[in-house]
Amino acid sequence: SHPPSRPSSRTARSPPMSILEYNGGCVLAMAGKNCVAIAGDTRLGIQNTTIACDANRIFKMEDRLFLGLTGLMSDITTLENTFKFKLNLYRMKEGRSVKPETFSALVSSTLYEKRFGPYFAEPVIAGLDKDNKPFLCSMDLLGCVAETTTFAVSGTCADSLFGTCETFYRPDLEPDQLFETISQSLLAALDRDCLSGWGAVVHVITPEGVTTKYLKARMD
Amino acid sequence: SLLPSPRPHSFPPPAMDSLISLVGDGFVISAADASNARSVVVMKTDQDKIMHLDEHKLLSMAGEPGDAVYFTEYIQKNIHLYELKNGVVMSTHAVANYARGELAKSLRKRPYSVNLNLAGYDKKVGPSLYFMDYLGTMKKVDFTAQGYASFFVLSTLDRHWHKGMTESDAIALVKKCIDEVRLRFMINQSKFMIKIVDKDGIRVLETGC
Numbered sequence: 001s002h003p004p005s006r007p008s009s010r011t012a013r014s015p016p017m018s019i020l021e022y023n024g025g026c027v028l029a030m031a032g033k034n035c036v037a038i039a040g041d042t043r044l045g046i047q048n049t050t051i052a053c054d055a056n057r058i059f060k061m062e063d064r065l066f067l068g069l070t071g072l073m074s075d076i077t078t079l080e081n082t083f084k085f086k087l088n089l090y091r092m093k094e095g096r097s098v099k100p101e102t103f104s105a106l107v108s109s110t111l112y113e114k115r116f117g118p119y120f121a122e123p124v125i126a127g128l129d130k131d132n133k134p135f136l137c138s139m140d141l142l143g144c145v146a147e148t149t150t151f152a153v154s155g156t157c158a159d160s161l162f163g164t165c166e167t168f169y170r171p172d173l174e175p176d177q178l179f180e181t182i183s184q185s186l187l188a189a190l191d192r193d194c195l196s197g198w199g200a201v202v203h204v205i206t207p208e209g210v211t212t213k214y215l216k217a218r219m220d
Numbered sequence: 001s002l003l004p005s006p007r008p009h010s011f012p013p014p015a016m017d018s019l020i021s022l023v024g025d026g027f028v029i030s031a032a033d034a035s036n037a038r039s040v041v042v043m044k045t046d047q048d049k050i051m052h053l054d055e056h057k058l059l060s061m062a063g064e065p066g067d068a069v070y071f072t073e074y075i076q077k078n079i080h081l082y083e084l085k086n087g088v089v090m091s092t093h094a095v096a097n098y099a100r101g102e103l104a105k106s107l108r109k110r111p112y113s114v115n116l117n118l119a120g121y122d123k124k125v126g127p128s129l130y131f132m133d134y135l136g137t138m139k140k141v142d143f144t145a146q147g148y149a150s151f152f153v154l155s156t157l158d159r160h161w162h163k164g165m166t167e168s169d170a171i172a173l174v175k176k177c178i179d180e181v182r183l184r185f186m187i188n189q190s191k192f193m194i195k196i197v198d199k200d201g202i203r204v205l206e207t208g209c
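Residue numbers (the numbering used here), protein chains in the order written: chain V, 1 to 220; chain B, 1 to 209.
Treat the hints as calculated values from the structure; they're not laboratory data. Beta carbons are placed, not taken as given, at the ideal position from N, Cα and C, and that holds for glycine. There may be inaccurate statements among the hints.
Label pairs and their calculated CB-CB ranges [stated by the list, open to error]:
id, chain 1, residue 1, chain 2, residue 2, range
1, V, 216, B, 44, 45 to 53 Å
2, B, 36, V, 101, 54 to 62 Å
3, V, 166, B, 190, 53 to 61 Å
4, B, 187, V, 99, 39 to 47 Å
Partner residues aside, some chain V positions facing chain B, computed with beta carbon under 7 Å [unchecked claim]:
id, residue
5, 44
6, 47
7, 52
8, 73
9, 78
Could you put together the complete structure from these sequences and hints?
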């Protein structure tokens, strides 16, 4: 938030943009009945200029495990590559895929390793464990885990997303209802944030598979 | 691979360089302003800011002059070394990821204050264009602009670019963008260099447009 302005003969200057808002973007995940959905916008910007409308910030880590990252796009790409690398080694050594709780611990420690020079990225992890029970968590840029059973949000419009999710969320949603709910929650918050938007993508993860849909949203 | 030596750095200074690139039907066009100016003095109006990485890749640079040349030469030499060591030419996608990795690695050590447009042609993939930022942001795009020109030119490109433009249409669009920059940008950037890369290699279209 802005510091109080003092009377001055100079022209008013706005405070510098936070590094986490430099590229813009948001991610949201929601749990249903034996399913989870993770959604995000697809805008890539440089401060107020939009560079691309098809940037991806949600990555598939396992068949039923997705990682969404918001914040500085450079660090998002670095972390995507880091986790793909770490999971490849994990799968080779363990001979099996990683559990969502284990992966969230990996993400948390990777972020905390850089405690005094952090990656400017805030992850959201959504997955189904082997009993098809939903797993959701979000973290701050230092790796503080907040595991939830309802929804997890991150990004420039996180505050709005908390509001829309709280309003629309109901427990035990079926995949179709979950898709509707998460889409409406995302779009309602996106449309009021100038740094997020320009397209949205939703992945719905069920025991049968993953469906990916691109939402028709306001392109502004 | 070859390593650059560290030095103290303060950044980023405002970049006066303008870069415009767009993808057409089997080619990529890159334009860059050709002026080298510091403060109120214009030192050169035929500066080449579009480096040839190999026969089918153009790397346009914008930003602090020392870093721009140093970093792009570093990339060029390491791409060449890879080709000599492995006997294969790196794809545009691989070069983009390599350059991004170097920018991201040095971001928290000795940051390079250089923004890049990588334009390339690969036999299997066709033409491709990558936008890269000094922070290590990388995105494959259909058209892009760097520097202050982006504020004037991105909307022109939004309006007139379409997939599969012919060479003459693309050159006309680039010239339209350059005219926009000349008209609206306070800093005089009268000369632009335009290069094109396609399956037959690199051609220099204009050196002082």
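Comparing the hints with the structure gives:
1. At roughly 49 Å, the beta-carbon separation of residue 216 of chain V and residue 44 of chain B lies within the given 45 to 53 Å, and the hint holds.
2. Residue 36 of chain B and residue 101 of chain V have their C-beta atoms about 56 Å apart, which keeps the hinted 54 to 62 Å range intact.
3. Checked against the hint of 53 to 61 Å, the C-beta distance between residue 166 of chain V and residue 190 of chain B comes to roughly 57 Å, which is consistent with it.
4. At about 56 Å, the CB distance of residue 187 of chain B to residue 99 of chain V disagrees with the hint of 39 to 47 Å.
5. The beta carbon of residue 44 of chain V comes within 6 Å of a beta carbon in chain B, closer than 7 Å, and the hint placing it at the interface holds.
6. Here the hint on residue 47 of chain V is broken, as its CB sits about 11 Å from the closest CB of chain B, past 7 Å.
7. The interface hint given for residue 52 of chain V holds, since its Cβ lies 5 Å from the closest Cβ of chain B, which is under the 7 Å cut-off.
8. Because the smallest distance between the Cβ of residue 73 of chain V and any Cβ of chain B comes to about 4 Å, under 7 Å, the interface hint for this residue holds.
9. Hint status for residue 78 of chain V relative to chain B: holds, with the closest Cβ pair at about 5 Å, below 7 Å.
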